[in-house]
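Kindly generate the complete structure, drawing on both the sequences and the hints.
Residue strings, one per chain:
There are 6 protein chains.
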Amino acid sequence: MPQPDLPTLPLGARLQDPLLVVEVEHRTGDHPHTVLTLGNASGRLPTAPFWPTDAAKVAGITRGAVVQVIGTVSSYRDRRQLAVDSIRVLPRDQVDWRALMPSIGDVGRWWKRLDDWRARIAGPRLARTLALFYDDPDFRARYEQCPASTAGHHAALGGLLKHTVEVAHIGLATARLYPHADADLVLAGALLHDIGKLDSYTWEGAFEMTVPGAVIGHVVLGAFQLDRRVRAQQPMPCTEDELLLLHHLVLSHHGSLEFGAPVVPMTLEAEILHYADNASAKTASMDEALDDPENFPDDRPVSARTVWQLDRRRVWRADSDWGAPEPEENISD
Amino acid sequence: MPQPDLPTLPLGARLQDPLLVVEVEHRTGDHPHTVLTLGNASGRLPTAPFWPTDAAKVAGITRGAVVQVIGTVSSYRDRRQLAVDSIRVLPRDQVDWRALMPSIGDVGRWWKRLDDWRARIAGPRLARTLALFYDDPDFRARYEQCPASTAGHHAALGGLLKHTVEVAHIGLATARLYPHADADLVLAGALLHDIGKLDSYTWEGAFEMTVPGAVIGHVVLGAFQLDRRVRAQQPMPCTEDELLLLHHLVLSHHGSLEFGAPVVPMTLEAEILHYADNASAKTASMDEALDDPENFPDDRPVSARTVWQLDRRRVWRADSDWGAPEPEENISD
Amino acid sequence: MPQPDLPTLPLGARLQDPLLVVEVEHRTGDHPHTVLTLGNASGRLPTAPFWPTDAAKVAGITRGAVVQVIGTVSSYRDRRQLAVDSIRVLPRDQVDWRALMPSIGDVGRWWKRLDDWRARIAGPRLARTLALFYDDPDFRARYEQCPASTAGHHAALGGLLKHTVEVAHIGLATARLYPHADADLVLAGALLHDIGKLDSYTWEGAFEMTVPGAVIGHVVLGAFQLDRRVRAQQPMPCTEDELLLLHHLVLSHHGSLEFGAPVVPMTLEAEILHYADNASAKTASMDEALDDPENFPDDRPVSARTVWQLDRRRVWRADSDWGAPEPEENISD
Amino acid sequence: MPQPDLPTLPLGARLQDPLLVVEVEHRTGDHPHTVLTLGNASGRLPTAPFWPTDAAKVAGITRGAVVQVIGTVSSYRDRRQLAVDSIRVLPRDQVDWRALMPSIGDVGRWWKRLDDWRARIAGPRLARTLALFYDDPDFRARYEQCPASTAGHHAALGGLLKHTVEVAHIGLATARLYPHADADLVLAGALLHDIGKLDSYTWEGAFEMTVPGAVIGHVVLGAFQLDRRVRAQQPMPCTEDELLLLHHLVLSHHGSLEFGAPVVPMTLEAEILHYADNASAKTASMDEALDDPENFPDDRPVSARTVWQLDRRRVWRADSDWGAPEPEENISD
Amino acid sequence: MPQPDLPTLPLGARLQDPLLVVEVEHRTGDHPHTVLTLGNASGRLPTAPFWPTDAAKVAGITRGAVVQVIGTVSSYRDRRQLAVDSIRVLPRDQVDWRALMPSIGDVGRWWKRLDDWRARIAGPRLARTLALFYDDPDFRARYEQCPASTAGHHAALGGLLKHTVEVAHIGLATARLYPHADADLVLAGALLHDIGKLDSYTWEGAFEMTVPGAVIGHVVLGAFQLDRRVRAQQPMPCTEDELLLLHHLVLSHHGSLEFGAPVVPMTLEAEILHYADNASAKTASMDEALDDPENFPDDRPVSARTVWQLDRRRVWRADSDWGAPEPEENISD
Amino acid sequence: MPQPDLPTLPLGARLQDPLLVVEVEHRTGDHPHTVLTLGNASGRLPTAPFWPTDAAKVAGITRGAVVQVIGTVSSYRDRRQLAVDSIRVLPRDQVDWRALMPSIGDVGRWWKRLDDWRARIAGPRLARTLALFYDDPDFRARYEQCPASTAGHHAALGGLLKHTVEVAHIGLATARLYPHADADLVLAGALLHDIGKLDSYTWEGAFEMTVPGAVIGHVVLGAFQLDRRVRAQQPMPCTEDELLLLHHLVLSHHGSLEFGAPVVPMTLEAEILHYADNASAKTASMDEALDDPENFPDDRPVSARTVWQLDRRRVWRADSDWGAPEPEENISD
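Protein chains in written order, with numbering that gives the first Met the number 0: chain X, 0 to 332; chain Y, 0 to 332; chain S, 0 to 332; chain A, 0 to 332; chain W, 0 to 332; chain P, 0 to 332.
Check the hints yourself; a few may be wrong.
[What the hints assert, rightly or not] Pairs of lysine-lysine, DSSO-like flavour, derived with a Cα cap of 30 angstroms: (1) W:LYS281 - P:LYS281; (2) A:LYS281 - S:LYS281; (3) A:LYS56 - A:LYS281.
[As the list claims (entries may be wrong)] Distance windows between CB atoms, simulated: (4) X:ASP134 - Y:ALA12: 54 to 60 angstroms; (5) P:ASP134 - Y:ASP320: 38 to 44 angstroms; (6) X:SER102 - A:ARG304: 57 to 63 angstroms; (7) X:ASP137 - P:ARG175: 24 to 30 angstroms.
Simulated from the structure, these hints should not be mistaken for laboratory data. All C-beta atoms, glycine included, are put in the ideal place defined by N, C-alpha and C.
Right under this line is the structure:
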């Protein structure tokens, strides 16, 4: 069953669908009430207020829950909202809640690029080391769902996989310019640099940070994973010196101490990896900030607010076709 | 006539060649003397000391001069040096001094990639604006010689052209990942971002900073060049709004105020350009640092000193073939 | 017709005047409503809430509009407000909206000091270069209106002119102490340093940042203006070397990279200009902060909040007559 | 007896004069020797080396000593030096060693301006408080000799007095622009802000930091002086609240914590004082840096080295007469 | 009469007690009202809103007042509040308002440890200098009440005394490890380092910063106190050099300029004091942050918000008994 | 055989002993030569120069070698040196080279305190986890030799053990003040926080950084060690949650990201550990700086140079007996 397109549902539209609870806000003040933000893969819609008399309706509904909602799209001061007639939590195992979350969509093409790159790795010990992760079905199953952050860049199901491929793509393009660079090692760095995020986030309806993610951090958690998987093999798939190269890539990818790297990049491949990671993360954040209409009230071209993911910069919506003929015109016949 | 290979000339070898004066050091102390560092495209070699009694020989010899030298390779405490019998300054117009400087070599392939990219630009106004520079033979003649810095990354004849192509290459690879990014505009940013370096450096035998380079800086000098060339055309090849987009790319490419950008990147293309510029510059610096034997006395793998071009990091020489068969083995038959 | 004195109008006073719309706030929450802040040269007064039933009254009213208002001064929880009976937007060309904005008042005395200084400049090429701007009636007409910022120091009609004279005054006083300093050049720096603000702000009823102001910045926009005006003359009114001196003054006046100067001050005059600019801007901000009663609730002497224009400092209201006889006493006979 | 003009004495000139020992350098290496830098009010001249065989000649000669020297100006590698025939330390009380130190010269005109300003102070309590210092002959005798730093700005006998007048001059010029500013209080701040330097430096032949200057600092030492002198009077010449105003001026004049101010400026007068102090100190440093030929080898216009007193900036020697007729031409006829 | 335990009073409980007014909030918006936060030594409880019709009840009630309240504990959206029937301000001299404030409790044991340490000081001049403060009953009476901050660490009556003992305890433990350290001097530093807080805070019902605390700061105020008390004795109880040592301890204890120390620690004892001070202050802040349930909504182990007293860190509630038998089990039998 | 006391050997003394080569300096210049710095547990002594004609004598002698030296103490410009008659490298296994290195001396008393503390740990799982390291003879053998740094604090054989005990001592003293703190866990943090230094340094005659120490860092290397040892046991000696607590202590002990901690302290015990570590390291550095006569030429009380281990501070030698009777006087009889 197709999901209703929340951002475009007309006033008066009747809704009777499973939705995710994206946010629960208990507003205090003189007229306390609760507002839920409901969402599916198409976007989000807030509910009309639940007043204290309706408190029972929303009791026990938490962030990340899947709910069956019956209601009507109404309007309040030019903002659309959902007047809820009934709402109830669905058992998690009866719903495809993943289908309701923000997602990069089909992961197949990202896997294909990644696995194609892996297949061309020249050094068998490097290939075997990566295979400890990327040939493991459990690892793949989790990796293709994990987001790359909880609220920043690539915060979507599969976001980590997409980010990984972007980093590899940019890193390989850079490595190609430098004959001294070991492109296979850059690729390995891209594939391993964020594996610690698997232990740092959960995505069961909402993107949350785990305790180890908060008190260890994904950088060192990734190095732990690498250390444990490699050492669990007898003999190890690579040498101690080679493992050191990989550990250095993972541990230095944030580039400098103040951004959480316990060690700075000291090899050509670590330097390339760091800039590729940054380019993917920051460009994605810029892309999202430019795409968010809330940054541009009244259609002004320069954002009214600064964006924390971009170190508190404002962003500027501007483009031009530079006189190019419309692409459509080429199609003519 | 081929240039002698300075780094490998054996002891006792006789030299009778034009060389560049790369450095002039007047050493004080109890036994004052002068040492010249001479160079050609193959590398460098210091002279034996010129004692006060030889002062006449080196009088008037300055950094960047071309000299005809007759001498013999000798050794002093395991370091090779050139015992100079005669040295005289050559008139600049009688020598191909450019052939003696560090250089990226043939510029043809870099121009080809750059011009091929330009040829595929969709917007005629953007193409015409870039053509103001890149179809101007005088601009090209200077651009293909200019270094990208005096002592940092790409400090070689043609270094700016090579850096430009690297930035465009990385920038285009990144832009391809983001459907919202205007790849042509990223290309334009790459081609324009450092044009101010033409006014910032000289390379007449030595790489030097000009006064405008020191007191205005290449970022704003580039914006000046862009402003003047575009406004000199009537009508302008692009609109005012489009010129603003280009100015923003040039002015923001250093990424943040403390690195000399008068404005931070606020568009997707400016963000991509900034990271591509950084990736090219920093990877090149890392490449050079790893290639410099003076960083690695006694063959130790971690550099004995920190590298200022890399924000005072140490660098690590390490690689592995990861068990890959020697490439040569593949060729046999 | 004199403007009503908004800060002192008594309760019950009847108002029937043109006013500026200084702020439009749509407040959400349980009881959404709109409040306008109206102003004239005397100060500001908020309206009573416009409830949804009055929405039609304020539809289409935007920041910076001039409105004809009929209403009565009322009170709500000890805060005066304007209960609006009728409000309508006036055509901009029928109103002297400038008279309603915060303003430095008569600009004549500031012009006089500035032009007197100009008249005493010894170097004819410097005088002619400044005259390109300061003898241009269009430039003067805009310069005497432009604010020096949108919400910081000298945010008033004519604020830029006043700030310019202050900077020149302090700069000349400093230059007089240093025989090596070229006082005329310091004056030129003061007169040119902020000309880019003409392209950075609008003041049509409200002080707003333009797109070029946001994406290029007033520092470089000023250098552009200087470059274009000087080069538009044939022959140029000054030499290339002299233009370089002026560009350096404009581009370095923020003092250090992290404050948006693409180059740091490197001449005596640039150093003097920088400190004079800072002294004017920061002292004005301090003056305004001390004058703002909202910083001092309950008449406490140390401000209850920090002031962002002063790098998040608190300010202290303190003074003493140190036992001096009252000035009034001197008047007597 | 006039002092010989050290910077211009011709080769072969015979010298038989008292000089100050500005620097004593024991150079190690293969040929250890000692070089003295000797100076008087005209400038400095290094000696030829004292070899170990001459060690007895320089035994016991320390920085700041006054010596009677007999010698001849010679040259060594284009640098003038003094070949010393005989040198002996003079008893300090037999020489006018102050006449040999760098100095601002006659202090009378600086005192006159300062005392004239004091005479016009309106508040008697403020005047009396300043008089505790500025009517005290012992204070004046020391103040007119004290330098403003040991090796930075105004490092000369009387430098502190000159700096004080400069700060007052710039501060009063600024205060005049702001009706809310208490110009007398700004003046008081200028006169008191650096009194702690009297306890921080010695100038008995050399400028040295005292132990209290190093372990307390001149800012707090100044506040101590103020506190002790004011409280030693019964009744105090000003009120506790007024003393607090003065303490705040002294303690905040460095402007921000990282520059050693224990508290930031929070009043209009403290803000004005801070910028006036900075303007005097930094402009003087820039003036000195531009005047130092060692910054400009080979007459290049941009300094070859960075200047630590200017936060590691380079400086630029550039000026122009802008086409002004030579001042001399006006005189003749 | 025992104080009611505010955090645990059941719904419906009747209250008729003196309480402190900890906070007064006038909330604006559509339904303006006032809420008081009332407290005693057991904790705090907010009142139900006072609507405009009740405005008279709360007129003139300010932060820090003691009020006699009659009311009932009610609930509003799961948060307990006090429905106030009557409230009136009590004359300050009729109430033991100190008993109602947060407090470290009995100060006797802290005094005992401090005085025991003092009794063992070997140097009589050091002991006499400390006795100027610690044998003065007025000083002791104020010191044992003063908080160590208004809203940060040890913000309680007696907090300064407790913090002082902690600093001494840690400092002495550190000094014991270093034979070169003068443990008595470390103790003196601990006892003197924060005496300026007596002039910086008031605690008459609320913890407030004084004007001198804001415009001079407790560091320098402490040095003033030390300077005045020591110099008021004739002869001084210690030498000038010894006083310098003590001043250095007080002035450097914040460790670096950016944290408000006008001078950095330069002796072994000053270094030890600085770390002991930091250890006490930061550990106390961490302790309080972990103890504050508002940091841990929904019982999540990692705090939902960052803590400004800890430089914006999050904190983590975690512990384990590591398999230790319950302490209680040991007691039984 | 006792070692000769190098710092006090008189001129003319004859030396025939094994010594360590602490430094090898090849000095270039006009008279190139080599100087060795030789040392034993008593201190250091430089050799007289080895001129090129003696080059054979020092060929192959490297830092860290043990040499048998025959020579005589001579003097050169007031500095003692060793004129070497013969020098030869001793086989490492024939010499007790450890006896020649700087050392904390007998390690027994440090082990005793450490093991006593361990014996009192209440939680068996914590005790067992620590025992994995501290009951392992190989670990102990290495731990009691390892320095705590190569050139900073505790750079001596056994320095790490001494530093560990100091951190535990200060940490336990702090923990005792906070009832919420788990003192056993603080002890565990002290014992584990620097175990990664075992993999980061070598001490075979010289203190050197290993490659893993440089490219991973001791913080993460320590976490690796902990992870591997604990997981190598089946079942693990502690729970996963407990291991997380220990990992957090190790990884956060540097306190903030810019000092190389990949995560900041978030528990009470981690905060205490961080300050205890800092107090030990910085106090030791201060102690060493004050003890180094090279910092205090001419017996001046304030160091002539800044100390990099103390963030470029100067240090001050000052003490007083405060009038205490000489300890010796107490001994009388």
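Hint check, failures only
3, 7
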